[in-house]
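Visitor: Sequence:
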Amino acid sequence: MLARLSHIIAAGHRALRPEEYSFWHLWRNLSFPHRPTHREVSIYRDFIGEGAREEANVLILGATPELRDCAAELRIRPMLVDRSYDMLSGMLRFAEKAIPANESWVKADWLTVPLPERHFDVVVGDLSLRQLAPERQGALLRRIAQLLRPGGKLVLRHHNIDPAYREKPYEEIFEEMRDFPYEQKKYEAISILLSRLLDRSTQRNQTCTKEIVVAVNDYLRSGRPPFSYRLFLLEFLAKRAQGLIPLASRTREENEALFAERFSIASARSDGSYPESEFYPVYLLKPCI
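Per full-length UniProt numbering, numbering through the sequence shown is continuous, rising by one, with the last residue being 289.
Treat the hints as calculated values from the structure; they're not laboratory data. Every value quoted in this text rests on a predicted model; they were computed, and no experiment measured them. Careful: at least some of the hints might be erroneous.
Dumping the calculated SDA-like pairs for lysine to any residue here, alpha-carbon to alpha-carbon at most 25 angstroms [stated by the list, open to error]:
1) 168 / 277
2) 239 / 114
3) 286 / 140
4) 168 / 239
5) 186 / 140
6) 239 / 84
7) 186 / 205
8) 107 / 85
9) 210 / 184
Assemble the whole structure, with the sequences as input and the hints as a guide.
Guide: Listed below in structure tokens is the structure:
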């Protein structure tokens, strides 16, 4: 079946064009929890590396450079599936150890890519599941379960709503961020604020970007924030909030119920070194027999 994929390509056989690095400005400025930390990559390595063989068939959902580095460290030759070749090639800019010649790329939708069943030892993704609409998440988990060999595993970092922010007034969220060193750690502050606002904006298992933008503008018009904080919030709007796509968002209990339809949770570990890490655990999931 793999031989029939006209859109599969060995990365090392394709010249990369400079314009394909158009994602650098976004990824470079992302901070935890929206990209994996070194500790989280170590958790990935531990979960993937348990019994992994160099010849293991590993599927990476998306183009996350840290996961590609992890595969290279384990001497694994992964297959990557993403809807964009530009993303697959452009994100190499941020990989430190990944070897493009050892990767195979497939341009396709995760739900419809024609891959053989019971072929992969490990499927890996970082915040991949939340990029799908809530009603499509179960379909992806069912598809992954079909792709895994007996004894295979799904390793993914996933977001759970922080209950402390689900009902907290927006004004209180903005006020408490003023105590964070947002000028010295701007991108960390932007990412943490975004995580809290996404939790607050969740409606029917999906975030509402328009509500976040309205809340920021209302707070700015209130005249309460000092000048430096106003500049920070304006940059937050420009760089992260405006244009953000809706993301699937559920509580821990809701996510674990979703997993349980096809998988059992063998383990779950968090970084523990930043404020939101408890709600971005790396899960080790095994298909239910």
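Visitor: Confirm or reject each hint.
Guide: Hint by hint, here is what the structure shows:
1. 168 / 277: Holds. Residue 168 to residue 277 sits at ~19 angstroms (cutoff 25 angstroms).
2. 239 / 114: 36 angstroms, violated
3. 286 / 140: 15 angstroms, holds
4. 168 / 239: Holds, at about 24 angstroms.
5. 186 / 140: 35 angstroms, violated
6. 239 / 84: 22 angstroms, holds
7. 186 / 205: Outside the cut-off at roughly 29 angstroms; violated.
8. 107 / 85: 6 angstroms, holds
9. 210 / 184: Violated: residue 210 and residue 184 sit about 28 angstroms apart, past 25 angstroms.
Hints 2, 5, 7 and 9 from the earlier list are contradicted by this structure; the remaining hints agree with it.
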